[in-house]
Amino acid sequence: MSSRRVGDLALFMPGMGWLAVFFVVPLIMIFVVSLGSRDAYGGVVLDRLSFDNYLRALAPAFLPTALNSVKYATATTILAILVSYPIAYWISRYGGRHKVLLLVLVMLPFWTSWVIRTYAWMIILRDNGVINGILGGLGLTSEPIMLLNTDLAVILGMTYGFLPFAILPLYVAIDRVDEAVVAAARDLYSSGRGAFLHVTLPLTMPGVIAAAILTFIPAIGDFVTPDLLGGAQTITIAKVIQTLFLTDKNWAYGAALGFMLMVVTVVVTVGTLRVLRREVIG
Amino acid sequence: MSRPRRDGAPDMEGALARYLIERRMSRRQVLGRMATLGAAAAVGSVAAACTTGATAEPEPSGASAAPSGSPAPTPQPTPESELYVYNYADYIGEDTIPSFEEKYGIKVTYDFFDTYETMTAKIATGDSGYDVTFATGVDVPGFLARELVQPLDLSQIPNVVNLAPEWQDPAYDPGNQHSMPYMWWTTGYGYDTEKIPEELTSWAALWDSRWKGKMAMLDDYRETFAVALIRLGYSINTTSDSELDEALALLQEQKPLLRKYTADDIGDLSSGDVWLCHAWGADVSQAATERESLAYVIPEEGGIRGSDAMVLLANAPHPIAAHLFINYMLDAEVSAANTNYIYYMGPNEAAKAYIDPAILEDPTLNPDKAAIDKLQEILDLGPDLEKYQTRWTTLRAGA
Amino acid sequence: MRRDRNPLLTVYAWLVYGFLFAPIVVLILFSFNDSKRNFIWRGFTLKWYPTLFANDALLNALVVTLEVALIAVVITTILGTLLGLGLARLRSGAAGSVSDTMIILPMVAPEVVIGISLLIFFALLFDAHGSVLQISIAHVAFSISYVAIIVRARALSLDPRMEEAARDLGASALGAFWHVTVPLLAPAVGAGAMIAFALSFDDLIITSFNAGVGSSTLPLYIYSRIRFGVTPEINAISTIVVAVTALLLLIGWRVGVIRAGARRSRPTPAAGIV
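Those sequence lines, one after another, are chains A, B and C. FYI, the working numbering numbers position 274 of the first sequence as 274, with every residue one higher than the one before it. FYI, the working numbering numbers position 344 of the second sequence as 344, with every residue one higher than the one before it. FYI, the working numbering numbers position 272 of the third sequence as 272, with every residue one higher than the one before it.
Worth flagging that the hints you see were computed from the coordinates, not collected in a lab. Remember, predicted model here, so these are calculated numbers, not experimental data. Yeah, the Cβ is synthetic: ideal placement off N, Cα and C, and Gly gets one too. Be a bit skeptical, because a hint or two may be false.
Pairs of lysine-lysine residues, derived as DSSO-like cross-links and limited to a Cα-Cα distance of at most 30 Å, are as follows [stated by the list, open to error]:
| hint | chain 1 | residue 1 | chain 2 | residue 2 |
| --- | --- | --- | --- | --- |
| 1 | C | Lys36 | B | Lys195 |
| 2 | C | Lys47 | B | Lys212 |
| 3 | C | Lys47 | B | Lys107 |
| 4 | B | Lys374 | B | Lys352 |
| 5 | B | Lys212 | A | Lys71 |
| 6 | A | Lys71 | B | Lys195 |
Stretches of chain C that chain A covers, calculated by requiring three or more beta carbons in the stretch to come under 8 Å of a beta carbon on chain A [unchecked claim]:
| hint | region |
| --- | --- |
| 7 | 18-26 |
| 8 | 52-58 |
| 9 | 111-124 |
| 10 | 128-142 |
| 11 | 150-162 |
| 12 | 231-245 |
Negatives, chain C to chain A, calculated, CB over 12 Å [what the hints assert, rightly or not]:
| hint | residue |
| --- | --- |
| 13 | Asp34 |
| 14 | Gly43 |
| 15 | Phe44 |
| 16 | Tyr49 |
| 17 | Val63 |
| 18 | Arg89 |
| 19 | Ser99 |
| 20 | Ala165 |
| 21 | Asp168 |
| 22 | Ala171 |
| 23 | Leu184 |
| 24 | Gly190 |
| 25 | Asp202 |
| 26 | Gly214 |
| 27 | Ile222 |
| 28 | Leu249 |
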């Protein structure tokens, strides 16, 4: 047993090692920066280290933006999973010989630049854009509907952007489930729905969890989509952090806020994972 | 590598100390290098500019009354064979780099940054590897204070005589000792005359609730605060807390009327989603090629003038080639070619002979003297910049 | 299997693919737009394609991007797979929680934080100021987690007895790993690799802080054009990338290189989720 244990450890050392050197160490460096303060020139002063920046980061002024980020990320995650599950299922069960091709087709749009993709969405959603053009042409509307620069546009854009992050892990999980098991379940529960709810869904739960993580977490950090597709009111915490670093040149404060975001997200995610694991997996 | 201390944190002080010893620099310099630049520096010249207004003092070694063509550089040390330039993509004439390469046989690597802020963050380390970059005039004093740029050897830049008189001694860099102006612009607002059939002349239009949801302000805190400050009749470089609070309140009144804070004024105006947009003049001119009904206004209360400048970075690996390049960019024809391509107005008097007449006659790009007199320049504010930044965050982050 | 095919599901699938490709269609269409800007259709033209090929900066950026993506994807996939597998097997409390947290951190950290931390790291410790290698290292650091999570999810549902069985039958540890576990993990590894490629190819912020002289990538180029107008040249190059990839796919499919996972494992009915 212990040699297997060593073997297992050996498996993940290279990956962990890379993370340790090229992620954790720089992170520690920037943590030190977050304890510092900003000097007159926007440089970092490390003379008096303190947690002042963290206290400032708890300012109530940030609450609306933090809530915005959570709102968008949550909506995006739920929507992405709801949209992705059936298509992942379809590829796995109906794809046959073309499964891999179909999967790669899912990824294909994402090998273009997101700037262009977002511009394309802007072309589609704007007041004189494709959708309004069609609606107006069909006589359904007399005035263009404001689609761009709204919450709707942001969530749509974000869901679109994270779709492959949801489809792929869901596919991997669904594909794993043996057809025979599903057929047996269908007989047992005498309905497709019963089989799905009681057998397929629980069996694919790790995939759903993976999809949720892979969508929610980066979504919290996405500041570009809300920035380009959103309006004056849709600022996110990620954008605030970005602004603090680059525009305000306040690396210390930005770093502190960034760390707070990370800590909160990690705690929430790991906590949810534990609960889910216990409940779902047992 | 550093040895971890008891509490697990790596020995930053030790690492820094070793770095210092190797580099034989002062601690202050390292701290300066370690983060991005900010502001403040030549407080003296800034204060002088604020109180007396930017009056040009003729630079003895360069200015002459009649700008001539393109004098050849006086005999100078041999340039290096390469040059590294860092700029926005396409913010230079189409042919400028290739013709420079051909003329002097120097290979140019022209790199581009995605945003201006990335550039400032990268060169803040003091050793980005680049020779020349393009800094906004406001930032030059700050770069200088952080020792991120080196003084220019003006004897290698004879073309400086081509600069218009008002650019021979800018407030941000007296005598152009550390930078050479590149392009300048104005900020006002653009609007669609078809959607808004009135003739607008005041900043107040951007607070008009009739255009609710169809307006945008620039996603730039100095520019946006400047508008509010101008409306209130204060200096756009004020550091008074009470004045800034008033400006903030004014902007908060405006926010519900806005569709967005934009970084792409051209796109917004030309797509028609925004009818009234706080914008840079050259941008409105660009957008007007897509949507002819656009008009540009430098409001009667006053507008803003901005510019950027070429700087020679500290630790530039090819300083001589860099000087050659900067001089080349000040050549009348080259400057005109740049202007004709990117549609921004240059500070080069001699170039006017070669600039596309359409540009010279376009008041959006080349406003007349009356308009220019109404312009204020955004200046470096040093540590007081934070007053603007915190209020901007409050404005953006609040409901 | 065939009798319970739901045609509605197929319709749905087509709709989803439509949704996925809608912006791409618009993108491709606008690469023929006779206008310097992207927003308004002015007329049909082919001129952006030849212009693109004359644009050295753009082409160079594409080459750099592909170089970085190649290096990053290979390393990320290998390390990420090993990591995911190790995590799935290592379930005990302490190590489990710590690794869970470590894995999530790169995904949670705001890109600007990661980017600047690496900038400082490389500048202070290695006096490095950006290069293809530096970008690749950065990309690996932030994408390992994605691969690891996908592989872990898959590995969690693998029966560990399969490998044991192979060992019993005489295979070496490495052999059992290579001939049994790896094929079982293949779909997850493939999925991870595809995500890693997309992440690297399109990364902007972290790359911007770690690029140096001569190592600008395509996203950097494109984003730097936003201020002055994203010309249809960008659409053109994206169209070409999509077209080339689609072409390679087609060839691969015809040639039979791409085949569905014919070797799928069969878990015992009582395997459950764990």
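Each hint tested on the structure:
For the proposed pair Lys36 of chain C and Lys195 of chain B, the alpha carbon gap of about 24 Å is at most 30 Å, so the pair holds. For the suggested pair Lys47 of chain C and Lys212 of chain B, the alpha carbons sit about 40 Å apart, so the restraint of at most 30 Å is broken. Distance hint between Lys47 of chain C and Lys107 of chain B is fulfilled; the C-alpha atoms sit about 28 Å from each other, no more than 30 Å. About 23 Å separates the Cα atoms of Lys374 of chain B and Lys352 of chain B, which keeps this hinted pair within 30 Å; it holds.
Annotation: proposed proximity of Lys212 of chain B to Lys71 of chain A holds, straight-line Cα distance about 25 Å (limit 30 Å). With a C-alpha separation of about 35 Å, the suggested pairing of Lys71 of chain A with Lys195 of chain B is violated against the 30 Å cut-off. Counting residues of the region 18-26 of chain C whose C-beta sits closer than 8 Å to any C-beta of chain A gives 7, which meets the bar of three, so the coverage hint holds. Proximity of the region 52-58 of chain C to chain A, defined as three or more residues with a beta carbon under 8 Å from a beta carbon of that chain, is not established by the 0 residues found.
Under the rule that three or more residues need a Cβ within less than 8 Å of chain A, the assignment of the region 111-124 of chain C holds, with 10 such residues. Three residues within the 8 Å Cβ limit are the bar, and the region 128-142 of chain C against chain A gives 5, so the coverage statement holds. Beta-carbon proximity to chain A at under 8 Å applies to 6 residues in the region 150-162 of chain C; the threshold of 3 is reached and the given coverage holds. Proximity of the region 231-245 of chain C to chain A, defined as three or more residues with a beta carbon under 8 Å from a beta carbon of that chain, is established by the 6 residues found.
With a least beta-carbon separation of about 15 Å from chain A, Asp34 of chain C lies farther than 12 Å from that chain, consistent with its non-interface assignment. The non-interface label for Gly43 of chain C is consistent with chain A: the shortest C-beta to C-beta separation is roughly 16 Å, beyond 12 Å. Every C-beta of chain A lies more than 12 Å from that of Phe44 of chain C, the closest at about 16 Å, which supports listing it as non-interface. No beta-carbon of chain A is positioned within 12 Å of the beta-carbon of Tyr49 of chain C; the least distance is around 16 Å.
The beta carbon of Val63 of chain C is kept farther than 12 Å from every beta carbon of chain A, the shortest such distance being approximately 15 Å. A beta-carbon of chain A comes within 12 Å of the beta-carbon of Arg89 of chain C; the shortest separation is about 4 Å. Against the 12 Å criterion, Ser99 of chain C falls within the reach of chain A, whose nearest CB is about 7 Å from its own CB. Taking the minimum C-beta to C-beta distance to chain A, about 15 Å, the non-interface status of Ala165 of chain C holds against the 12 Å cut.
At roughly 14 Å, the least C-beta separation between Asp168 of chain C and chain A is larger than 12 Å, which holds for a residue marked as non-interface. For Ala171 of chain C, the requirement that its beta carbon stay farther than 12 Å from each beta carbon of chain A is met, with the minimum near 14 Å. Not every C-beta of chain A lies more than 12 Å from that of Leu184 of chain C, the closest at about 9 Å, which undercuts listing it as non-interface. Listed as outside the interface, Gly190 of chain C is inconsistent with that label: its C-beta sits roughly 7 Å from the nearest C-beta of chain A, within the 12 Å cut-off.
Its beta-carbon lying about 5 Å from the closest one in chain A, Asp202 of chain C breaks the requirement of being farther than 12 Å from that chain. For Gly214 of chain C, the shortest C-beta to C-beta distance to chain A comes to about 20 Å, beyond the 12 Å cut-off, and the non-interface label holds. The beta carbon of Ile222 of chain C sits about 5 Å from the closest Cβ of chain A, which is not more than 12 Å, so the claim that it is off the interface is violated. Not every CB of chain A is more than 12 Å from the CB of Leu249 of chain C (nearest about 6 Å), against its label as outside the interface.
Violated hints for the displayed structure, listed by number in ascending order: 2, 6, 8, 18, 19, 23, 24, 25, 27 and 28.
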